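All chains, full assembly: derive it from the sequences and hints.
2 protein chains.
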Amino acid sequence: MAMAMAMAMGVENKQVLLKGYVDTIPKESDMEVKVTQTQLNPPNLKGSAAILLKNLYLSCDPYMRGRMRDFHGSYIPPFVPAQPLEGFGVSQVVDSDHPDFKAGDYVTGMTGWEQYTLVSPTRAQQLRKIHLDDDIPLSYHLGLLGMPGFTAYAGLFEVCCPKKGEYVFVSAASGAVGQLVGQLAKLHGCYVVGSAGSNHKVDLLKNKLGFDDAFNYKDDPNLTAALKRYFPQGIDIYFDNVGGDMLDAALGNMRIFGRIAACGMVSLNSLSDPQTMHNLYNLIPKRIKIQGFLQSDYLDSFPRFLEHVTTYYKQGKIVYIEDMNEGLESAPSALVGLFSGKNIGKQVIRVAHQ
Amino acid sequence: MAMAMAMAMGVENKQVLLKGYVDTIPKESDMEVKVTQTQLNPPNLKGSAAILLKNLYLSCDPYMRGRMRDFHGSYIPPFVPAQPLEGFGVSQVVDSDHPDFKAGDYVTGMTGWEQYTLVSPTRAQQLRKIHLDDDIPLSYHLGLLGMPGFTAYAGLFEVCCPKKGEYVFVSAASGAVGQLVGQLAKLHGCYVVGSAGSNHKVDLLKNKLGFDDAFNYKDDPNLTAALKRYFPQGIDIYFDNVGGDMLDAALGNMRIFGRIAACGMVSLNSLSDPQTMHNLYNLIPKRIKIQGFLQSDYLDSFPRFLEHVTTYYKQGKIVYIEDMNEGLESAPSALVGLFSGKNIGKQVIRVAHQ
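Heads up: the protein sequence lines correspond to chains Z and F, in order.
Counting from 1 along the first sequence, just add 38 to a position and that's the residue number in this note's numbering.
Counting from 1 along the second sequence, just add 38 to a position and that's the residue number in this note's numbering.
Source of the hints: derived by calculation from the structure; they are not laboratory data.
Keep in mind the model is a prediction, meaning the values are calculated, not measured.
It is possible that some hints are incorrect.
If several chains are the same, the list does not tell them apart, and a pair holds so long as it fits within one copy or across any two.
[What the hints assert, rightly or not] Simulated pairs of lysine to any residue, SDA-like, Cα-Cα distance not exceeding 25 Å:
#1 K201 with D335
#2 K201 with L332
#3 K266 with D108
#4 K201 with L337
#5 K201 with D338
#6 K266 with R107
#7 K72 with V374
#8 K256 with H316
#9 K201 with Y336
#10 K256 with M315
#11 K266 with H110
Shown next, in the form of structure tokens:
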């Protein structure tokens, strides 16, 4: 009787809600943490083909900022105000009416920023089952082996087509994507330099992530001159995670037939802010290609990516740095921190222990 | 005896000299026309494998401005001050010690901005013989069937890969390159809109060159809004001859997987001038490609281009507008006029009648 009461009342379900749309860099106060109730064995699940997930890890990614804007024309719709944010997560199935999933399964894919998420059948189709592996932390499915890792892989190999011996520059190089871009390029035989926003990150790039060189862009008022020092021969490939002044500086240092993968523009305060460019004219005489891309266009290569990067990781040829925050309460500050570079490595939130 | 005297003294050879290097838009006063003497049967030709050319037509092209700068790191070296400018020309061989050319041959390729040019064996290798064809004006080898025409062909087909039904925007659309881009795109089944800088040019685009629509960019203070009117569905392909604000406006109107061929930046006053861009962020969500290119990288396709475009022209499916200036004296003003849009169609200088 007591148990039936508990089930009927449900359990606590903490949520991170978007208060309202945001045009500039998000602040913690744009979100609120609220405690609601949910039922672990919802009576309406039966016959619905839905799944109830217990979220274990949530991913903080810069693209989420785009979903906080009131703009409906992009590749992904905006969040709904007063509803939980959404993002990539690693979760465990609590209850399932879906034929492909059963209670206890570990899955990764889009979930809510909350402790428990009811997933519709349509969205369940987009979840991917994870097989537990003692050598691979579950949270890595949000970074090294998840969307950011695949972004690095697809952007480097499918967009930039690196050749052995080429000169590769990566910005935001210690971030979720950048750290893998650099390591994959090194394994491919390239010379790799990264930029980051603190001396600690520069040290990690040089001494833990195996970059050939790295620099703190905040120490250098003239980025074009800085890149000329690090690449006296010029840059063949620029993997651009930041846009703005660094993109301009790279354009001024590209070699003939250089390729720029436009992956992120985290430097922009607001999308509508004008950017002053000095080096666009190099596009023509140097035959430079700038290619914007989304990893989701290359999903055919995902299984190959997973196999390659898992193997490299298990062989000790790749390392991966995570920045793990504890508890949903820390999620707003963790997300906001991405835009000031507070995170060191891939930013993840642990919602619950496995 | 009188004739021998004349030959020894030579003939008049008018030349257009670069006075000194120029960083901004060239002015007529940056060049001077000087009359020198040359010998039509130079005694030192024998054994040299050189050729003496009589220049018939000279081409004015925007890229020549790059050769007026004191910058030695580009794909083509700068002009030499106090020496004649160089450019594409159509010429007749007056005297030849080169096995591949004989007096009377018509050729096209790099020549001097002067009446007679002595061509070294190395440079003679780069000349192409022209077979006279009553249906094709010789000067067309500087435009429709020359470098500008091939720029249009390579940029459209090799860089932009148009598909039937796609929306194509061309800037400087009545110029040497733009007019062919638009007509080739139309023949390929695309919807084509061009921009130009006068109502007369807009009229030519719509009523002579067969564009679906055209507009005078000087009439529209808000280019982003203008393009939205002409392309309510967005732009698949932007063939960019001007850079600057129009490139920015196009970036704000591209469709997903849009392609921009960066062919010229004739709008820039000076390469070092900053450009304010508002729409670069579209690169990523719309997966836009910007590709700088030079026609010279695609020369393998030149014979195919020549065959296709000659056939189209003879079938009356393509027209070509030339702006012909008479005499070398008019060459400086013709070249300078390119940068204010004075020319209507391909700017050519007739140095001598055939």
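The hints, checked one at a time:
Both within a single protomer and between protomers do K201 and D335 lie at most 25 Å apart by alpha-carbon distance, with minima of 22 Å and 19 Å respectively. For the identical chains of this complex, K201 and L332 are neighbours both inside a copy (22 Å) and across copies (22 Å), given an alpha-carbon limit of 25 Å. Taking the shortest Cα distances, K266 and D108 sit within 25 Å of each other only across copies (20 Å), while inside one copy they are farther apart (40 Å). For the identical chains of this complex, K201 and L337 are neighbours both inside a copy (23 Å) and across copies (24 Å), given an alpha-carbon limit of 25 Å.
Taking the shortest alpha-carbon separations for K201 and D338, both the intra-copy value of 22 Å and the inter-copy value of 23 Å come in at or below 25 Å. In this assembly of identical chains, the alpha carbons of K266 and R107 lie at most 25 Å apart only when taken from different copies (22 Å versus 37 Å within one copy). Taking identical chains as interchangeable, the C-alpha atoms of K72 and V374 lie at most 25 Å apart only when both belong to the same chain, with a minimum of 18 Å there against 67 Å between chains. Both within a single protomer and between protomers do K256 and H316 lie at most 25 Å apart by alpha-carbon distance, with minima of 20 Å and 24 Å respectively.
In this homomeric assembly, K201 and Y336 come within 25 Å of each other (Cα to Cα) both inside a single copy, at 20 Å, and across copies, at 21 Å. Taking the shortest Cα distances, K256 and M315 sit within 25 Å of each other both inside one copy (19 Å) and across copies (23 Å). Proximity of K266 to H110 under the C-alpha cut-off of 25 Å is restricted to the inter-copy arrangement: shortest distance 17 Å between copies versus 40 Å within a copy.
Checked against the numbered hints given earlier, the structure satisfies every one of them.
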